[in-house]
Structures are given as structure tokens and as C-alpha cells.
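2 protein chains.
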Amino acid sequence: MRDVSIIGIGSTPVGEHWDQSLRHLAYNAVASALRDANIERADALYVGNMLSGEISGQAHLGALIADFAGLRGIEAIKVEAACASAAAAFRQAYIGVASGLQDVVIALGVEKMTDDVGSKLTAGLASAADADYESVHGITFVALNALIMQRYMYEYKVRREDFAGFAINAHANGAGNPNAMFQRPITREAFTHSGMVADPIGLLDASPMADGAAAVILCPTEQAREFTANAIRIKASAAATDSLSLHDRRDPLWLQAAEDSAQRAYRQAGVGPEAIDFFELHDAFTIMSALSLEASGFAERGKGAWLARDGEITPEGKIPITTRGGLKARGHPVGATGLYQIIEAVQQLRGEAGPNQVTNAQLGMTQNIGGSGATIVTHIFERV
Amino acid sequence: MRDVSIIGIGSTPVGEHWDQSLRHLAYNAVASALRDANIERADALYVGNMLSGEISGQAHLGALIADFAGLRGIEAIKVEAACASAAAAFRQAYIGVASGLQDVVIALGVEKMTDDVGSKLTAGLASAADADYESVHGITFVALNALIMQRYMYEYKVRREDFAGFAINAHANGAGNPNAMFQRPITREAFTHSGMVADPIGLLDASPMADGAAAVILCPTEQAREFTANAIRIKASAAATDSLSLHDRRDPLWLQAAEDSAQRAYRQAGVGPEAIDFFELHDAFTIMSALSLEASGFAERGKGAWLARDGEITPEGKIPITTRGGLKARGHPVGATGLYQIIEAVQQLRGEAGPNQVTNAQLGMTQNIGGSGATIVTHIFERV
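As given, the protein sequences belong to chains D and U, one line each in that order.
Using numbering that gives the first Met the number 0, you'd call the opening residue of the first sequence number 0 and step up by one each time.
Using numbering that gives the first Met the number 0, you'd call the opening residue of the second sequence number 0 and step up by one each time.
Note that these hints are calculated values from the structure, not bench results.
The beta carbon of each residue, even a glycine, is placed where N, CA and C say it ideally should be.
Some hints could be false.
Said to hold, decoys possible - In silico EDC-like pairs for lysine to aspartate or glutamate, Cα to Cα no more than 20 angstroms straight-line:
id, chain 1, residue 1, chain 2, residue 2
1, D, Lys302, D, Glu154
2, U, Lys317, U, Asp161
3, D, Lys119, U, Asp131
4, D, Lys119, U, Asp115
5, D, Lys156, D, Asp309
6, U, Lys302, U, Asp131
7, U, Lys119, U, Asp131
8, U, Lys119, D, Asp131
9, U, Lys119, D, Asp115
10, U, Lys317, U, Asp250
11, U, Lys302, U, Glu154
12, D, Lys156, D, Asp131
Unchecked claim - Pair by pair, the computed Cβ-Cβ distance ranges are:
id, chain 1, residue 1, chain 2, residue 2, range
13, U, Arg249, D, Gln222, 23 to 33 angstroms
14, U, His136, D, Glu299, 37 to 47 angstroms
15, U, Pro177, D, Glu381, 26 to 36 angstroms
16, D, Ser118, U, Gly269, 33 to 43 angstroms
17, U, Asn37, D, Glu273, 37 to 47 angstroms
18, U, Gly269, D, Trp253, 50 to 60 angstroms
19, U, Gly269, D, Arg34, 54 to 64 angstroms
20, U, Gly69, D, Gly310, 39 to 49 angstroms
21, U, Leu202, D, Asn229, 58 to 68 angstroms
22, D, Gly69, U, Arg266, 17 to 27 angstroms
23, D, His246, U, His136, 44 to 54 angstroms
My request is simple: use the sequences and hints to build the entire structure.
This is how it looks when you write it as C-alpha cells:
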């Protein structure tokens, strides 16, 4: 099994790209990543995407984007695992290079959500949940997360206000990220008084839907120096699943797949959570940040929100999270998000995070979540 | 890189399963493959599927099916490459085992087409073509293939009747396959007088849409003997792409991705087409059989249909194809088809093909095609 590194990154700004089609967004990210790696060819392309079939009437993105990006003929497929699609695609690229079967591989995440004609978006997002037992009742994705948050507040005696720090930190960090959808800080008052979406989830607990594309180039670590001086090593890669439906879980307040994939990643990397310098977690809703921190070993059960309350998640805190805005402020183009997280980790480790730079960042972790915790993909990256 | 073998196979009959949901079909195939391999656990699940989001409102099949099959927690994703989704999922399973990162892996293909409410099926299938340049004009998938067939007949002076042998052979072979959707032979007259679907494609040129699920268990060849005495070795695995849109191809009558993936497979296997004992090709339409035979080196350009006319594709012919009915008679549950092909190859190599057994089958090839030739995945299997 070969050691694997990242030699190029590229992404579009996250936002509403009314003037660009899905393939143009994808092309921009791929071309930019190839330029960054200083190469023109690749052996394979793995595309993470969730909703192109439903929203744009376009399946078969692997071949489509390979061709449109000037790479006609190369092996290319789409990987889907709901909102964890991009990190899942990245993991397949990692496995491809590790196997020795592929040398230079592109992992791309792309989502074009503004193509939505006929309001299929809410139904499309709900397809990440269990169609026969959850979404059939009309429950939306935000409503599912609201059920979890409600229960969390009841069980652990936490107030809605205690989650404010997650959103405030994300928006403060997004202000320093030129690719972020929202580049304005928010106040505690704005959080408290933001309109309710699904009680207790308010507008500022929730990440925005958006268009975006993010691409990363991988190759064997031993060849990385031929292309670039600032390759970032993939120190660990792990994925795990849980039941799609909340009611089937032993404990709806515990992300078992986060624990499983994080523990596997820690074992592969030979480190524990205390060694991680920053953590790009999946803050689709503030409650998910708390659960992700707990199941990944950064906080005790029921105490994830305290890290936000106590300022431990800011760039100067004990475990900086969402250092470039996270899903909340950078935006959440669902099938692309996992690769935005990975690119932001690479930027931190290269020392290219600008005003959001985490000092002396050596080890960074990313965690991409599909559904309400049914697919969770965790990676650890290292500056070498 | 590790050598990889198949140690278990399982599938549902192909047909209209009104009484079974997508997850039940998937479960039946997975459980049957696990029984066949005499194991109860796996490290990972790769699900090939094209249309569950559009037809059943259900994305996120990896985690869903892992859980429903009693494998909660294992790594699981969906792979999509239009009608080539199942072989693409199988290839990812192969790469996973070859890499050393995964030991026992399940490749599953599943498609539930009868869930179609609101007639989304034709639009869904058209999403395999280019949404912005082909399907936007209202062209359906069968119409695209009709354009190719029309041009083929004009260019090579072939009559529609010359394709009859493909359908007659497929139906004759389907009669011996208890899992086939159509188990009745057809006559040349029936072919000639079958109703026109999209000129020149008649009803008996076209494969039927259907429900179905097919699963295969892979593990390292060196561990295969621990599980079974009749493991089948994966001698070659290759995938290639082409443009989605027909008008962008240099030659619409040449499946470049079939040539590319077949040639790569021959190189990996160290053999040429003359060594292949049978070929499970992707006869979604009779024209595709001709093009696949040509681009894979079994016939000269423009002469693929002659093999059918001359009886060279029957079980006793030079290159037996669709030995258990093919897409035409076994049926075409799109995202599952590639794994039905692979299971049929394994049955031939194990000597379990019953009345369709190819004598002394040693090397078998499968080829799964997505779109009108944009993704093509070729595998070669060996009895050891």
C-alpha cells in the first residue's frame, strides 16, 4: 500500500452561480487544481455529487466532467453518500493511488443547487434520510436535525443560546475567506433573534445551500516532490456508517459512525485527538458541531456545546474548528462540501490560510457527514 | 497490489417485483452472496445504482443497504456511472481489496424501476445522456441508439434483419436461465415483425427495463481458499470514458471507451480476444452488441453484425455472447446489470451455467456500458 499526498487544490467561490452550469463549475475547480499541481493529465477522476440527477436531470457526471475538463478517456465515476459524497469520493481517490493502480488522481466535489426548477431541493435533500420510514411522513432534513437538537437540549440541560459560539466563530472565520458565501461576522444578538426554521433550529444555526465545486489532486507521496514543494500527506483515511433512520439508532445523540471513523483514523495516524491542531467539522447545523466534537473525542458526552461557549473552538482556542467559515459561513454545496473542508485543511497546513491561519498547524482533521450521521468520513492530514 | 478473487455470488430473478422494495431486493442479493461465500461479515459495501434518487426518492444507498443487510457500521458508498454503475461499483471493490485496505468486500448492483410514480423513468434514463445538448431536445435514450443504428446501417450497408441473430441468441439462452425475465425463445419472424420503438430499433432489438439486485463477494486470492473451493480470479479490470454526447465523438460508430478498456484489460491479463471463451456484452440494443464486438477486437469495423448472422455468437460459436440471456432476455435493471453479467461469467467458469454451459470455459470477459458508450468497464475472469 502506497503512501499518498495532495499536490494540488482548486475551488470556486461558494454561492449562487446563476451564470454557470454544473459542468462549468466543475471545470473551473479541476482546471485550477491541475494548475496548482502544475500538471495537465490524470489517470482517474472521482466525482462527489448528491443531486445532479434530481435537480439538473444529469446523471453520469464522471464521463461528462472528464470530457469537459479536457481529460476525455480517463476512468471516471460519481460517488454518492448524501452530504458526505465529496469526502467519500476523495477516499476512493486515496484508495486508487494507495493500491498502485492509479498514479495521479482527481477528487472533485460539485453541486449545482440553483438549477432547481420545480422546488425539488427540499425533497432531494430529504432523500438522504430514510424514504420509507422518515421522509415519507413529510419530515425535512432540518426537521430531523431539530428533533436531535431538541432532545440534546432536554437530555443535557443545554440552552439554545449555548450553541451561539459555533455560528459566531464560523462567521468570524468566514470573513477571512474570499471563497466563503458569507464574509460578515454575526453578533450574539443576531443569533438569538434569528428567525426560527424548525424549533429549536434558527436561521443562524443552519448552513446555507449553495453552488460550488472543489477539486484536489492526489499522487503517491514518493512522486509528490516532482510536482510541488508543498505536498500535504494523507496521514489517515476512514469511513463508517450507521442507520439512516434516527429511530433505529441505539442513541440518537451519539454519532457512532463519527466515533468509528475517527478512532480508525487515529489508529492509522498513530495519534489521538490531543495531537490535532484544527478540525474542519461538518456544521450543517450547530447541533452537528457539538455531536461531532463529542464522538470524535474532543469533548465528553453532552459537553460539546461548552467548547463553543468557552471560546475553545476559535483559531486561538484548544481545538480550532471551521477555521475558514465551515458549512455555516463558507456555505454548503452538499456534494462538494467534503472537498472544501479538505482544501481548507491543506491551506492551513501549507500556511496559506491568511487571516485565519492556525499558528504552527502540523496536523489537521476533516469530518464530512452524510444524512443525520449515517455516513461519516474522517481524514487526517500532515504537513511534512 | 494484491491479486483478487470472487468467492460468492447472489442475485434475485430479474423482473417486475411489485412486492419488494429496493432495500428488500438488495438484501436478498447480499444475503444470498454471503451464504454462497459462507461468511457473515464484510469490510465494505459498494452499491451500483442509477435512479434511486429520481424514482424512489432515496439517495444514500450505501449506508441504507449496509444497515438493512445486517452490516451496520461498515464502510459503504454508492457508485454511479449510468448503466455501467454496477461494473463500476465492482471495480471499486476490486481496487479496495487490491489496495490492501479492505479484505472482504461486497459489490452490489440494485435497481428498482417499478417504483416509478409520475413517469420519471424515461427522463431518468435520458439523464445518462448530455442534459444540456441531447436530452434537453427531448431525445430519449432509445432514440439516441436509433440514430447510431441508422447510421451504422447506412455506412456499412447492413439491413435491420442482420441484427436478428443477437436477439434470437439472447432469448434462446435466456430460456435456460431461471433468473431471466424472458425465458422463451423468439423466432426470426417475430423479430422482423416486432413493433417499431424508434426507427430502426424494434421492440425485439431493445432490452426490457426491470427490477433486480445482484451481489458479489471479493477477497484477496490468497485468502479465497479459506472460504470456498471454487473461487474465480479477476484477471483484469479496466474502465474508460468518452464524451456523453454523440455529436462530440470523432466517430459515432466506434466505441472508443470499449477499445480503451478492452485493450487495457487484455494487457493486464496478458491475452488477446482470441483467448476469451465467452463474452457477456452490453446488449441494451442489438446495435450495441455489434459495436461492442468490433471495438473489443472480436470483429472488424462494420462487421460485428455478421457474427450474429453467421451464428458465431451462440454457445457453440466462435465467441459465445449473452450466454444466459444478456440484457435482452435476462433483463436490464440498469444499475444492477453489470453485476448480473459478472455473476453469469462466474457461473460459466464454475461450470454452473446449466443448459447454457460453454464447454471448457476458462476465460470469460464482461463489458458494461453507460450511456451511449460514455463509460465502459471491462473485466476478464479466470477459472483457476
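Evaluation of the provided hints:
Distance restraint check for lysine 302 (chain D) and glutamate 154 (chain D): the Cα-Cα separation of roughly 11 angstroms lies within the 20 angstroms cut-off, and the hinted pair is therefore satisfied. The straight-line distance between the Cα atoms of lysine 317 (chain U) and aspartate 161 (chain U) is roughly 18 angstroms, inside the 20 angstroms bound, and the hint therefore holds. For the hint pairing lysine 119 (chain D) with aspartate 131 (chain U), the CA-to-CA distance comes to about 19 angstroms; that is within 20 angstroms, so the pair holds. Restraint check for lysine 119 (chain D) and aspartate 115 (chain U): the C-alpha separation of about 16 angstroms stays at or below 20 angstroms, so the hint holds.
Taking the CA atoms of lysine 156 (chain D) and aspartate 309 (chain D), the gap is about 16 angstroms. The hint holds against a cut of 20 angstroms. For the suggested pair lysine 302 (chain U) and aspartate 131 (chain U), the alpha carbons sit about 33 angstroms apart, so the restraint of at most 20 angstroms is broken. Under the criterion of a C-alpha separation no larger than 20 angstroms, the hint pairing lysine 119 (chain U) with aspartate 131 (chain U) is consistent with the structure, at around 18 angstroms. Simply put, lysine 119 (chain U) and aspartate 131 (chain D) have alpha-carbon atoms about 19 angstroms apart, close enough for the 20 angstroms limit, and the pair holds.
With a C-alpha separation of about 16 angstroms, the suggested pair lysine 119 (chain U) and aspartate 115 (chain D) falls inside the 20 angstroms cut-off, and the hint holds. Distance check on the hinted pair: lysine 317 (chain U) and aspartate 250 (chain U) sit about 27 angstroms apart at the alpha-carbon level, beyond 20 angstroms; violated. Between lysine 302 (chain U) and glutamate 154 (chain U) the CA atoms are separated by roughly 11 angstroms; this keeps the pair inside 20 angstroms, and the hint holds. A threshold of 20 angstroms between alpha carbons decides the hint, and for lysine 156 (chain D) with aspartate 131 (chain D) the separation of about 33 angstroms lies outside it, so the pair is violated.
Remark: the range hint 23 to 33 angstroms for arginine 249 (chain U) to glutamine 222 (chain D) is upheld by a beta-carbon distance near 32 angstroms. Judged by the Cβ atoms, the range 37 to 47 angstroms given for histidine 136 (chain U) and glutamate 299 (chain D) is violated: they are separated by roughly 59 angstroms. At roughly 54 angstroms, the beta carbons of proline 177 (chain U) and glutamate 381 (chain D) sit outside the given window of 26 to 36 angstroms. A C-beta distance of roughly 55 angstroms is found between serine 118 (chain D) and glycine 269 (chain U), which places it outside the suggested range of 33 to 43 angstroms.
Between asparagine 37 (chain U) and glutamate 273 (chain D) the beta carbon distance is about 43 angstroms. The supplied range of 37 to 47 angstroms therefore holds. Look at glycine 269 (chain U) against tryptophan 253 (chain D): about 51 angstroms separates their beta carbons, and that is inside 50 to 60 angstroms. Look at glycine 269 (chain U) against arginine 34 (chain D): about 38 angstroms separates their beta carbons, and that is not inside 54 to 64 angstroms. Taking 39 to 49 angstroms as the suggested C-beta distance range, the pair glycine 69 (chain U) and glycine 310 (chain D) conforms, at roughly 44 angstroms.
Between leucine 202 (chain U) and asparagine 229 (chain D), the C-beta spacing of about 60 angstroms keeps the proposed range 58 to 68 angstroms intact. Roughly 25 angstroms separates the CB atoms of glycine 69 (chain D) and arginine 266 (chain U), a value that falls within the hinted 17 to 27 angstroms. Taken as a hint, the range 44 to 54 angstroms holds for the pair histidine 246 (chain D) and histidine 136 (chain U), whose Cβ atoms sit roughly 45 angstroms apart.
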